[in-house]
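Trainee: Take the sequences, apply the hints, and build the full model.
There are 2 protein chains.
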Amino acid sequence: MDSCFFSDHISHHVSATDRGQLYSKNISMTKRSNFKRLLVLCWLVAVLALVGTGQTPKPTETRSARSHPGLVLTKDGVKQIRSNLGKVPLFDASLADIKAEVDSEIRLGIVIPIPKDFSGGFTHERHKRNYLMLEKAGVLYQILDDKKYGVYVRDMLLAYARLYPTLPLHPQTRSYSRGKLFWQTLNDANWLVSASQAYDCVYEFISPADRVVIEKDLFRPFADFLSIGSPQFFNRVHNHSTWGNVAVGMIALVMDDAELLDRALNGLKEDGLTAGMKDNDGGLIKKEGQKTGFLANVDEPFSPDGYYNEGPYYQRYAMYPFLVFAQSLQNKRPDLKIFEHKNGILLKAVNALLNLTKSDGEFFALNDSQKGMSIYSRELVSAVNIAYLFGRRDPALLSIARKQGRVQLDNSGMAVALGIKSGLEKPFEKRSIDLSDGPDGKQGGVAVIRNKKNDDELALVLKYTSHGSSHGHYDKLSFSYYNNGEEVLQDYGLSRFVNIEQKGGGNYLKENTTWAKQTIAHNTIVQNETSHFGGDFDTGSKYHSDRYLFDVSDPKVQIISAIENNAYPGTRFQRTMAMIEEDSFEKPFLLDIIQLDSKTPNQYDLPFYYFGQIKSANFKYESAKALEPLGKANGYQHLWKEGNAIFGTENAKISWLNKGSYYTLTSATQAGDEAMFVRLGANDPEFNLRRDPGIIFRKKNVQKATFVSVLETHGSYNPVTEASRNSYSSIDSLKIVFEDEHYIAVEMKNKAGVTSLFVLSTKDDRPTQRHNIEISGRPYNWAGPYYRPALK
Amino acid sequence: MDSCFFSDHISHHVSATDRGQLYSKNISMTKRSNFKRLLVLCWLVAVLALVGTGQTPKPTETRSARSHPGLVLTKDGVKQIRSNLGKVPLFDASLADIKAEVDSEIRLGIVIPIPKDFSGGFTHERHKRNYLMLEKAGVLYQILDDKKYGVYVRDMLLAYARLYPTLPLHPQTRSYSRGKLFWQTLNDANWLVSASQAYDCVYEFISPADRVVIEKDLFRPFADFLSIGSPQFFNRVHNHSTWGNVAVGMIALVMDDAELLDRALNGLKEDGLTAGMKDNDGGLIKKEGQKTGFLANVDEPFSPDGYYNEGPYYQRYAMYPFLVFAQSLQNKRPDLKIFEHKNGILLKAVNALLNLTKSDGEFFALNDSQKGMSIYSRELVSAVNIAYLFGRRDPALLSIARKQGRVQLDNSGMAVALGIKSGLEKPFEKRSIDLSDGPDGKQGGVAVIRNKKNDDELALVLKYTSHGSSHGHYDKLSFSYYNNGEEVLQDYGLSRFVNIEQKGGGNYLKENTTWAKQTIAHNTIVQNETSHFGGDFDTGSKYHSDRYLFDVSDPKVQIISAIENNAYPGTRFQRTMAMIEEDSFEKPFLLDIIQLDSKTPNQYDLPFYYFGQIKSANFKYESAKALEPLGKANGYQHLWKEGNAIFGTENAKISWLNKGSYYTLTSATQAGDEAMFVRLGANDPEFNLRRDPGIIFRKKNVQKATFVSVLETHGSYNPVTEASRNSYSSIDSLKIVFEDEHYIAVEMKNKAGVTSLFVLSTKDDRPTQRHNIEISGRPYNWAGPYYRPALK
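As you go down the protein sequences, you meet chains V and L in turn. The numbering of the first sequence is numbering that gives the first Met the number 0, which starts it at 0 and goes up by one. The numbering of the second sequence is numbering that gives the first Met the number 0, which starts it at 0 and goes up by one.
Calculated from the structure, these hints are not laboratory results. It cannot be assumed that every hint is accurate.
Have a look at the derived ranges for each label pair, beta carbon to beta carbon [to be verified]: (1) V:Phe618 with L:Ser622: 45 to 55 Å; (2) L:Lys619 with V:Leu84: 25 to 35 Å; (3) V:Pro112 with L:Phe618: 26 to 36 Å; (4) L:Asn279 with V:Pro788: 43 to 53 Å; (5) V:Lys402 with L:Glu649: 19 to 29 Å; (6) L:Glu287 with V:Phe618: 42 to 52 Å; (7) L:Asp582 with V:Gly108: 14 to 24 Å; (8) V:Phe618 with L:Phe618: 55 to 65 Å.
Because the structure is a prediction, the values reported are computed rather than measured. We put the CB at the ideal spot given by N, CA and C, even for glycine.
Mentor: Shown next as structure tokens:
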């Protein structure tokens with residue numbers, strides 16, 4: 000046995016990381032093939048020896064056979080499903096799709112390549128497809144009671160059990176936590192989450208002898224590698240470790256292994272990690288005194304409202320392991336009452352996530368997020384199904400499920416399909432909502448303000464959260480704005496092409512750091528061309544913005560106001576945004592007020608990243624004859640300067656057309672204010688960035704500054720009828736008519752000659768507090784944080 | 000009467016143009032209001048005087064009362080429609096839509112503003128809406144037999160009859176032919192085409208006395224102004240004059256005026272125009288010996304295949320007057336057999352037009368065309384309905400009508416709706432097609448090559464037409480390429496925002512001349528940075544390209560090849576494009592071969608205007624630190640140079656991703672060849688141009704040159720599953736292995752190791768001619784213009 004290099008897989012005497020290094024030192028690439036044969040031989044000898052001598056860990060079948068399947072599917076559940084087959088259209092359709100997909104893969108045969116590629120590459124995509132097929136085939140075996148699927152899962156697991164002990168660390172070295180099947184442990188954990196379910200489904204089909212092999216050579220070492228072997232991955236609070244914890248927990252439940260389950264729920268007692276360690280994306284690995292394990296990963300990143308601190312894109316990614324493990328725990332360990340944990344946070348999280356979407360179901364692009372991800376993803380199908388069954392069977396979830404058009408093939412999916420069949424569905428109404436951030440809900444939040452008329456919805460997202468862990472961006476008080484499914488003012492999202500191998504192996508590109516995370520990439524204030532917190536992760540992670548006011552009680556005047564004190568030491572800024580309905584405006588407009596107060600004079604930039612084609616500007620500007628980058632660093636190096644203007648005291652007005660709708664931004668500028676037309680793409684030799692446009696308003700050398708603007712959504716253009724409707728702004732003038740330490744008042748005159756006033760108490764948000772001020776010689780008095788007198 | 004400035008409206012002693020100039024010389028803007036009152040007074044006096052003395056032209060009611068309606072609707076037709084109401088879903092739905100629209104306008108009341116604005120402006124849009132409402136209300140009067148609509152039409156016509164005699168030329172002076180209601184006579188003609196139909200519908204409802212007023216003060220002077228008063232508009236071959244001819248012809252038919260009808264059909268005998276005159280878009284007005292009138296406008300711009308020389312966007316615009324007048328002639332003057340004219344050209348034209356669309360129904364953007372225009376336009380609904388009824392009731396047209404979802408409210412629409420109701424519909428299959436250009440079909444053409452598998456279609460459009468009148472672009476042998484509804488390699492289209500007043504009054508922008516019409520704006524050869532024919536309209540109008548070969552007999556190898564001898568004197572170039580299916584390629588690929596032969600050494604540029612984001616390039620390139628325009632003139636001044644490369648002898652390969660599909664362009668470059676990454680937008684201070692990207696291949700200082708490239712369409716990316724599939728090119732190498740005066744052979748090796756050869760006989764296209772050549776020491780012999788040996 001000493002000659003067999005990988006015996007430590009069983010005994011764990013050497014850490015996985017050490018092994019990988021040792022391996023790559025001793026074995027040259029060209030000799031691996033012969034070496035592999037030798038390894039297989041070693042393995043056979045070892046297994047036979049161990050099996051023969053009874054030295055193997057005790058197989059688990061006697062302890063838990065009674066409960067297979069019992070993880071996601073249950074014995075009773077399968078009975079119920081089988082009895083309903085052919086009677087529940089949505090379930091039957093989903094089953095038919097999955098059967099067709101798996102049958103086609105079975106025809107192709109089992110392919111288990113030696114791991115080599117980054118995501119997007121062949122070996123990565125094949126192993127990924129394998130675990131999806133394992134999971135689906137396992138389910139088909141149970142539901143259809145067809146041996147074919149049992150054989151497929153068994154044979155694939157046995158094949159993996161042959162391969163796994165031979166594997167060194169994955170040859171790609173980019174990750175802070177390299178896997179074995181994949182370039183990062185994260186994907187290995189994805190694999191185990193699916194494979195555990197497959198194993199649970201076919202457990203009774205597989206012979207005890209095969210189970211011994213599969214558990215001993217594959218699942219146990221796999222779970223150990225993910226946890227003990229990868230503490231920097233397993234023992235943190237992050238979506239990565241959530242996957243790791245869940246993978247280990249799922250296989251623990253199948254194998255009925257209490258020690259493994261404890262490891263999954265509560266983390267490693269000892270991890271040997273030093274506080275302050277970072278991963279390859281710059282994310283913190285170890286915080287002093289950090290609790291770890293699944294429960295810590297539920298407790299910490301989720302706010303009491305169910306917002307996940309990394310943002311909806313990663314929340315979607317993490318929801319699947321959170322919920323599938325919760326479902327499994329509920330089935331296997333109902334005593335843990337996991338769905339009641341932290342006031343039912345896991346179910347609240349599903350609701351929060353569904354609210355963080357545009358009207359077409361795509362997630363708002365907060366922090367690192369790839370655009371286009373939506374409620375139609377596999378993870379959300381699962382989340383909605385589980386939330387329905389294990390929650391209070393909210394009929395509004397059924398309308399989401401119907402849009403998704405498929406269910407997962409388990410009891411939760413059957414419950415949903417039956418609910419739809421029974422006509423229980425109600426619309427899922429997304430209303431204005433303010434979601435707190437932080438474990439105790441005290442680290443700022445995200446406000447979503449919506450105005451919906453018939454099928455037309457305008458939505459504002461103002462972000463005033465904590466940093467968002469390693470996926471956070473430096474964009475305090477930034478906002479994005481949506482007209483139905485269209486982005487009006489965008490959040491850029493991430494700079495990455497997930498799973499597209501040609502683009503840096505599908506991983507984060509350097510432009511994610513140099514552009515996407517920088518403050519200038521967002522619709523918020525940049526002081527002196529530097530990002531918030533100097534772009535420093537540790538500093539940024541200490542702070543969050545604070546809510547000042549969220550009041551949507553009047554559907555015609557919905558307000559969010561928040562304050563940031565730490566992004567720039569010595570500078571305080573408050574942003575107040577209101578979505579306002581007013582007669583003589585076709586649609587609600589967005590009022591945006593930013594008040595800055597600093598101890599020192601600064602330059603302030605405020606970008607608006609629009610989409611579409613500019614139709615008119617009411618000011619003179621210079622157009623660049625050659626394009627130069629706008630700056631040298633902090634994201635400015637990526638912007639070309641297409642034009643610039645210096646304003647007088649008139650309002651600056653700029654209109655554009657995008658996807659059939661007109662937009663006009665009117666800004667109350669002061670003499671000497673500047674603006675720049677910019678376009679992304681400078682210093683981007685690899686074409687990693689989109690060539691998106693923006694306009695940046697600039698105030699120079701001021702301590703106090705106030706930016707006030709109104710964005711109108713109006714009119715339409717139809718290229719088939721060629722009819723242009725209501726293409727002009729309805730605003731005649733926009734003025735700050737009062738501002739002091741406690742109040743700001745903005746006056747707007749529309750083209751019908753009607754004047755409106757918006758007064759905000761900026762330091763006292765008490766709902767019944769009375770205020771008295773004089774504006775332009777007229778007294779105003781009212782109660783509450785804001786006042787909007789009748790139009791005159 | 001001498002004191003009344005506009006008495007010439009009746010007597011036509013002064014030409015309209017003279018009047019307008021006189022008017023604007025004598026009357027200052029601020030005094031117009033009082034002057035208008037005076038005019039109205041004059042007009043009243045004049046009318047009363049004329050009516051009282053019996054000097055009016057004889058009213059027409061006695062002659063043609065029996066045949067109203069008889070133009071588009073007929074008495075029998077109305078009976079048939081009424082008897083089917085409530086029974087034919089598509090017709091009923093269309094009727095309900097139009098009724099709702101007109102009822103809502105009737106509630107708003109009649110508004111007839113004094114003309115003032117460009118298109119997109121209030122007065123323009125109002126008069127436009129008025130004529131659409133007139134037409135629709137007239138139809139509703141007939142179909143619903145409801146007086147309300149008769150009153151509305153009558154009152155509006157009477158109001159126009161009061162206004163019209165008071166109108167000078169439209170105050171906007173941009174057009175070569177200013178209208179009265181609109182800034183260009185063209186729109187006045189649009190007005191009359193609709194108003195004639197409305198008048199026909201309510202003719203019997205209006206009292207004879209009112210008819211006298213309407214004909215005398217409105218329709219007759221209107222028709223005279225469009226024809227005698229605007230010979231530069233009326234007496235040419237152009238879509239403008241088509242509208243003019245039809246407008247005059249329609250009202251002639253309603254008023255039963257043979258002289259007017261002759262004028263419409265055969266043009267003005269005397270027009271006083273000088274040959275060589277141009278309009279404000281640079282289009283030729285008068286050609287020596289030019290026939291004019293409606294029949295000439297049918298004979299000349301349509302090829303025998305039904306292709307209209309200005310391109311599909313304008314063909315769509317012109318189809319409506321062509322067909323609605325043909326329908327009216329068929330109803331009123333069946334003896335003229337208009338639908339049989341020139342071998343049934345008007346019906347063939349509808350078929351040609353339907354074939355010039357992407358799979359989503361949008362027209363290919365040949366010449367001046369605004370993107371997004373489609374078969375869903377009002378004009379195409381009408382065209383399809385008329386072509387169905389007056390053609391051979393082609394059931395394939397019913398499938399188009401069903402997609403359109405509405406019919407026109409006449410007998411043709413009823414026939415279509417009944418056909419659909421009766422289940423007669425068959426699919427409209429768009430196949431590869433080669434449409435000739437020129438009155439005799441001898442001025443080149445447009446080839447559309449399609450490859451459709453299930454619902455997936457790739458389409459190539461190669462343009463080798465004549466110039467295309469004033470809407471033509473300088474782009475001989477240019478092509479565009481489509482993947483279903485998406486543009487893969489685009490034709491830029493026009494630089495204009497039709498009806499968007501903010502953009503130059505909705506008219507052609509100067510960038511249409513400086514960019515959109517220039518050769519560099521297209522996917523074709525530019526020699527020495529100058530456009531074809533030096534960008535000279537007169538020269539370009541003399542020539543056309545020639546077809547060499549169109550062979551789509553083998554669905555796996557579909558070929559078009561054409562030759563251009565005149566774009567650059569002394570230079571001949573031939574472009575051969577083939578859409579080829581080959582095993583081991585997921586989808587058909589596009590082979591593009593351009594062979595140039597010149598008497599002098601030149602620089603040749605070949606641009607490809609792709610959409611989407613570049614994923615990889617297999618060559619080194621320099622990335623610009625600052626962007627400079629690529630050149631000074633001929634469109635080059637509008638391109639920023641983002642990067643450039645100098646190639647070795649390897650293939651240059653560049654891949655991009657657009658809307659979920661990968662594309663790879665592989666080019667057989669030679670040492671010293673260059674390429675430039677470009678982006679549109681330089682010297683565009685008004686943001687009139689889209690910021691679209693392109694790559695330009697360049698060969699310098701060569702007499703003969705050959706560009707060979709292959710475009711693959713492959714794989715997919717889905718942002719919801721984040722799965723990237725088949726994202727790499729399947730081509731290992733691409734080489735020219737033989738080329739002489741008579742043949743070219745291209746060899747391609749794919750990644751599966753399979754080599755394919757494509758041999759073209761470039762000078763002899765006879766189908767049975769035998770050829771013998773030796774390539775790389777191997778003999779090849781075959782019959783016909785091309786050869787593709789079995790793969791090896």
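Trainee: None of the hints should be skipped; say for each whether it holds.
Mentor: Going down the list of hints, with the structure as the test:
1. V:Phe618 with L:Ser622: 45 to 55 Å: At 33 Å between Cβs, range violated.
2. L:Lys619 with V:Leu84: 25 to 35 Å: Because 59 Å falls outside the window, the suggested range is violated.
3. V:Pro112 with L:Phe618: 26 to 36 Å: Holds: the Cβ-Cβ distance is about 30 Å, inside 26 to 36 Å.
4. L:Asn279 with V:Pro788: 43 to 53 Å: This hint holds: roughly 52 Å between Cβ atoms.
5. V:Lys402 with L:Glu649: 19 to 29 Å: violated (49 Å)
6. L:Glu287 with V:Phe618: 42 to 52 Å: The hinted range 42 to 52 Å holds for glutamate 287 (chain L) and phenylalanine 618 (chain V), with Cβ atoms some 51 Å apart.
7. L:Asp582 with V:Gly108: 14 to 24 Å: Given a distance of about 21 Å, which is inside 14 to 24 Å, the answer is holds.
8. V:Phe618 with L:Phe618: 55 to 65 Å: violated (43 Å)
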